[in-house]
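Trainee: The lines below spell out each chain.
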Amino acid sequence: MRIRHPICAFALVVTAAACGHTSGPSLRAAVGATSDGSGSLPDNAALVADSSLVVGSQTYRLGATAGAPLTGSLVPLAVPSPSGDRYLYNSWAQGADEQCTGDPSQRGNCKEPARDAIIGRPTLRVFTPSSGQDVVVEPGAVSAAWRPDGAVAYFKGNATDVPADTSRFVGHLYVRDSLDAAAARWTTDAARYIAVGWAGSTLIAYRQSDGERFDVLAVSGPGAMRTVASDATVVAVSPDGTKVLVNHDRDGTSTASVVPVSGGAPLGTIDLGKTTDPQSGSPLAWITYGGSWDGDLVAAESALGVALFRVSSGRISFDRVLAAKGSDYSMGIHEPQLFRDKSGKQRLIAWAPVSAPSKSGRASAILTCDVGAKSCARNGTRNERSVGLARANGHGRAR
Amino acid sequence: MRMLSLRRRVILRLVGATLLAVGLQSAVVVAPAHALTPGWFQFDRKTNTNSNLFWMWGDQYDQLHWIYYRGGSGVSADECWVGKGWLPGGWYDMWGMWDNYNGGQIFGRVFRLSDHTCKNGSTRRTALFIHTEETPSQGQNCGYEPQCWDGAGDYYSAGCVKVSWPRNGFPNDIGNIHWQFHNNGGSKSHGSYTLQYMLYVT
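Residue numbers (numbering that gives the first Met the number 0), protein chains in the order written: chain A, 0 to 398; chain B, 0 to 201.
For the record, the hints were derived by calculation from the structure and aren't laboratory data. Possibly wrong hints are sitting among the right ones.
[As the list claims (entries may be wrong)] Straight-line Cα separation of at most 20 angstroms, SDA-like style, residue types lysine to any residue; simulated pairs: (1) A:Lys273 to B:Ala151; (2) B:Lys118 to A:Gly101; (3) A:Lys110 to B:Gly120; (4) B:Lys118 to A:Ala92; (5) A:Lys341 to A:Ser39; (6) A:Lys324 to A:Ala362; (7) B:Lys118 to A:Asp102; (8) A:Lys358 to B:Ala76; (9) B:Lys118 to A:Ser357; (10) B:Lys187 to B:Phe53; (11) A:Lys358 to A:Gly294; (12) A:Lys344 to A:Ser329; (13) A:Lys344 to A:Gly371; (14) A:Lys110 to A:Cys99; (15) A:Lys358 to B:Thr193; (16) B:Lys118 to A:Ser104; (17) B:Lys118 to A:Pro112; (18) A:Lys373 to A:Gly313; (19) B:Lys45 to A:Cys99; (20) B:Lys187 to B:Thr201; (21) A:Lys110 to B:Leu35; (22) A:Lys110 to B:Pro37; (23) A:Lys324 to B:Thr46; (24) B:Lys118 to A:Asp96; (25) A:Lys358 to A:Cys109; (26) A:Lys110 to B:Ala76; (27) A:Lys110 to B:Thr46; (28) A:Lys344 to A:Lys273.
[Unchecked claim] Here are the in silico distance ranges between beta carbons for each label pair: (29) B:Asn101 to A:Val135: 46 to 54 angstroms; (30) B:Cys141 to A:Ser281: 39 to 47 angstroms; (31) A:Asp327 to B:Tyr60: 49 to 57 angstroms; (32) A:Gln278 to B:Gly138: 19 to 27 angstroms; (33) A:Gln98 to B:Asn101: 32 to 40 angstroms; (34) B:Thr134 to A:Arg309: 34 to 42 angstroms.
Think of the CB as a built atom: it goes at the ideal place given N, C-alpha and C, for glycine as much as any other residue.
Work out the full structure: start from the sequences and follow the hints.
Mentor: See the structure below:
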């Protein structure tokens with residue numbers, strides 16, 4: 000693996016990297032961003048919003064509209080390559096959808112598509128900021144994980160298009176040794192899988208079941224699949240790829256466990272229903288997917304906002320609430336990603352819906368925090384349908 | 000027949016209570032242009048654990064009646080949040096009804112709802128049901144949380160609508176809803192099938 004800048008080495012396992020982007024088809028203004036100059040991000044942070052990729056202070060136009068209707072922020076909307084010079088992203092071409100005539104509250108006026116109608120086509124694409132090149136990697140594919148050695152994993156449906164009954168969109172997890180290599184199928188039974196990330200040479204994935212619930216899987220090769228946790232989601236994978244923090248919801252609260260990727264009993268567990276934030280006096284109640292792990296620090300979205308945890312020798316303890324939801328971010332603060340800026344300072348980026356959704360999208364605030372200073376600020380606002388952070392999901396070394 | 004008559008009186012009494020609660024007397028059914036079942040659900044989102052799930056039906060005089068139950072959905076009011084937000088607003092079809100469902104995490108009496116795009120026009124909420132926490136044989140297995148109605152916390156869900164099972168002082172709402180659907184304007188069929196406009200979420 001070749002690393003062009005020292006800072007990128009860290010960014011590989013922490014967050015999106017913006018390394019060496021000195022040329023390319025950048026836009027003069029951030030598309031969809033507010034006009035208060037808030038379109039840019041801190042160094043080494045990146046996000047995707049519809050057809051824009053924002054990397055630090057640069058904004059690029061993607062070749063297709065990003066979107067992952069089937070996964071939301073369960074997994075990254077975009078994933079940087081190990082060297083940070085390319086981005087795999089999920090795109091979506093909309094097909095049939097609900098059609099309304101007259102008063103939409105009137106029975107008979109809003110028609111859902113038939114179960115087998117095509118509601119869209121997902122496509123995995125790769126964008127190169129330095130050249131502006133944007134090419135299709137795999138039609139019918141959703142969710143990608145880019146390993147530090149260059150291998151890429153993704154889910155691909157048995158059919159390219161998604162029917163309105165998405166439970167029928169089944170397929171397999173595939174792995175390519177490199178983006179240009181042939182794909183090898185790693186699963187034996189067709190299902191709705193989602194590639195979450197790499198933990199060393201083990202692929203962490205979901206298998207979706209009824210009720211938008213998930214089993215966490217460890218897939219170590221073709222046909223070699225093991226269930227890590229049932230009815231659970233992945234908060235984060237450790238930087239060395241040996242552990243995964245999984246979360247299990249129960250009755251409005253959750254329990255999170257540090258689980259060895261190689262198998263075995265949890266190393267540490269925390270009951271969020273019994274964990275109280277001393278500042279607010281309220282329980283964290285739950286945490287959820289889309290967090291990050293840097294050193295011994297884990298950032299996760301909780302019922303109170305972005306919570307930080309310390310993990311030492313597998314044991315996990317609550318540290319503090321870094322960014323409280325309050326009334327400004329009542330709908331949650333999603334995908335809290337720890338990263339280092341160019342000076343090495345530990346920072347965090349996340350986004351939060353701040354308006355009710357409409358057909359044209361919704362307003363989403365971009366939050367950035369100085370972890371050491373325990374301070375957060377609203378970096379700007381996006382106004383698109385699909386907003387998500389570009390986050391690296393290859394952890395540890397492939398063996 | 001007597002049972003039916005008694006049950007109808009119970010229904011009427013409950014409808015009366017509902018009318019008081021919502022401040023309405025009755026409404027004229029506006030017949031849609033499609034062949035639809037006389038009955039349908041309405042879910043009025045208030046909080047994640049305490050919303051109202053109505054069963055509504057029209058009679059031969061074109062009068063609309065309803066009965067309602069406590070229902071819960073999601074752990075957040077963001078309908079565009081996969082696996083966390085409550086059920087998105089709008090009309091849903093029903094894609095089947097099972098008495099002894101044995102899914103990965105959902106069991107027993109279940110009403111499968113159509114997938115639905117949330118209001119941002121992008122995020123698709125999928126694999127949604129109206130259900131409770133019970134075994135495939137409609138009983139309780141309290142060694143396994145998804146098959147045991149513990150209390151009010153069970154109204155939380157990943158997005159589905161959940162109603163109570165008669166345990167720990169909670170009413171037999173799943174049983175009543177099941178009866179209403181089969182005997183009062185829904186369908187007597189089981190398994191996978193499509194009924195249009197079977198749930199409206201406000």
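Trainee: Which of the listed hints are not met by the structure?
Mentor: As far as the earlier hints go, 11, 12, 15, 18, 19, 20, 26, 27, 28, 29, 30, 32 are violated by this structure, in ascending order.
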